[in-house]
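Assemble chain W onto chain U, guided by the hints.
Chains as they are written, first to last, in our numbering: chain U, -12 to 331; chain W, -12 to 331.
Just so you know, not all the hints are guaranteed correct.
Within a straight-line C-alpha distance of at most 30 Å, the following computed BS3-like cross-link-like pairs (lysine-lysine) qualify [to be verified]:
(1) W:K253 with U:K133
(2) U:K253 with U:K18
(3) W:K318 with W:K18
(4) W:K133 with U:K253
(5) W:K41 with W:K69
(6) W:K253 with W:K69
In short, the hints are calculated from the structure, not lab data.
There are 2 protein chains.
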Amino acid sequence: MSVASKFETTVTLRTPYLLFLGEADFDARAKTAFGLRDWAPKLCLGQIRLPACKVTLGLPDMTPAAAAIAGAGSLVIGVAPKGGQIAENWIPTLRLAIDAGLDIVSGMHDSLEDIPGLAEAAKARGVRLINVRNPPLDLPTGTGRKRTGKRLLTVGTDCALGKKYTALAIANAMRAQGIDADFRATGQTGIMIAGRGLPMDAVVADFSAGAAECLSPDAAPDHWDIVEGQGALFHPAYAGVTLGLLHGSQPDALVLCHDPAISRIKSLPVFPTPSLEVAAARYLEAGALTNPAIRLVGVSLITENMDEVTRQRVLGDAEQRLGVPAFDPLKTSLQPVIDRMLGR
Amino acid sequence: MSVASKFETTVTLRTPYLLFLGEADFDARAKTAFGLRDWAPKLCLGQIRLPACKVTLGLPDMTPAAAAIAGAGSLVIGVAPKGGQIAENWIPTLRLAIDAGLDIVSGMHDSLEDIPGLAEAAKARGVRLINVRNPPLDLPTGTGRKRTGKRLLTVGTDCALGKKYTALAIANAMRAQGIDADFRATGQTGIMIAGRGLPMDAVVADFSAGAAECLSPDAAPDHWDIVEGQGALFHPAYAGVTLGLLHGSQPDALVLCHDPAISRIKSLPVFPTPSLEVAAARYLEAGALTNPAIRLVGVSLITENMDEVTRQRVLGDAEQRLGVPAFDPLKTSLQPVIDRMLGR
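So that you can see chain U by itself, here it is in the shape it has in the complex (with noise of 0.2 Å):
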């Protein structure tokens, strides 16, 4: 467990976590609860679920009172309800918690303090109310300095093309074979799967640099922070968090995420996706300014839905068309990109 001091330039979370799931009708209404269970089920100590709950998670239920005292540091709400509104049912079960012991972490719109008499109850408490969509204050502006230490970023031809899976599945295979990397979160779901990170898209035009650098910080010479990369740069409306992310982290290997079934960028479809080529270039040309040593070192695809022989075919051609390692990190192999990582 760690606290987060007002010192601090990364949004830390107290862990391990009693998810709350409110009245999730169906899976989909928790899928955060559901992520984190999948991404960081050593983090995830029990559930906790109103009467009209319609889903379980498979964790033992839990009072706020049985959590604190089993070590749980916080209740995230890990359900979005219709309307995406802190429902009044809820503030029994988060007053019990705040009365545990436990932080409350939220990323929702609503804001935590405006429930009345909540951030009251907090502060008498010393707990904390906590939005992951909220960067910390006093970010610097960005050095550009060199920094210690290796870092990846995924990248992509557009948003939501598994930049958070992708550094999460390498993060967590580099660990398994016993390699010093850390998952580095940007956004809010990540923020709760590591326990820590930034909201990237949150902080203010100026600082996005000087974040990102904050939040990869001097490491041992061997050591990789697996960066969750925002946005990108082909992406009208997103594509200077992209720049910034890019510049404040340095990268010295990136890995380009993309899906194969679209051409279109997804939410302003008038605009098409680069080709893997150009997107690739794109990137290593402007990662170039802060890390000239920069290269890509793999292609992840999302190819759920095709059957064996299509991925295969697909992966090759991504392979052969870009020099580096293609992968789906649900479907195959992370060996080849994390081998071309470590240069062996």
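Coordinates of chain W only, in the frame set by chain U:
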């Protein structure tokens, strides 16, 4: 005069201004006020100075009450004192301005709201305390939708290379010829000069492009918005701001600003500035995402410390290298670049 509603997506100031010089002891301390006098003379009604003030703008000294009677809309803090803080002995003047019905406009780090009683007095009198560093709330994300009208954006090989004054000079020269053109301000000084704008560097990164879209809305087919650039694609700290502004502005025309005397990023000299050719190519490449018809129309160079022979040689060299007119907005004619914009 116009008054901002809560639904506006730009900062809008009430003009003309009474310029407050405080106790400025030399001209550079009142840089903001001098910039306003030089670039927005029609908006500068008068000045107000404390007894110890040693500088003058050559404008009539006025009390807030006299300025209000003469039609002033705002008192603008035009001085940056040592330490950058609002001084105790300014407060009576600020109170008088509020009593006279003037808005108070500040670009300082200190918040006007933190001065005891000031916010209450402003509310009671129905005037506003405006910090031009603060962007409006509720900015949208970008859409990339093509807007009507024409746009020019100034970009640079580094920060602080005359992007603001180049844009102002072009807009002024066009208007002097009866061409329908507006200067669009993206930084605090520019906003004061224009009486409106958006502080792009203070916008949350996710909304950068959307903010830039708001800044230059649909317009008549032959209207030109001349947009003040921010940062530089080649600056390790601020490139994200630059890219968001470039994508959201969707410029038809770029003017590249450069100082021939520099070859390193001024604030981070470990980084070189790019050649003019590389800079132009990279801005055009990035800008083509939201406006495939983007083209370079001019190069703006800082030549004020050169003799005339050197100036002409440097301008001629840049023209030859980039194939567009080169000019110094403070020293040479803008006609060639305007002709190029208009396809003459």
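Cross-check of the supplied hints:
1. W:K253 with U:K133: holds, 18 Å
2. U:K253 with U:K18: holds, 20 Å
3. W:K318 with W:K18: holds, 21 Å
4. W:K133 with U:K253: Given that 30 Å is the threshold and the Cα spacing comes to 18 Å, the pair holds.
5. W:K41 with W:K69: Cα-Cα ~15 Å, so holds.
6. W:K253 with W:K69: The hint holds at about 23 Å.
Violated hints: none; the structure is consistent with every hint.
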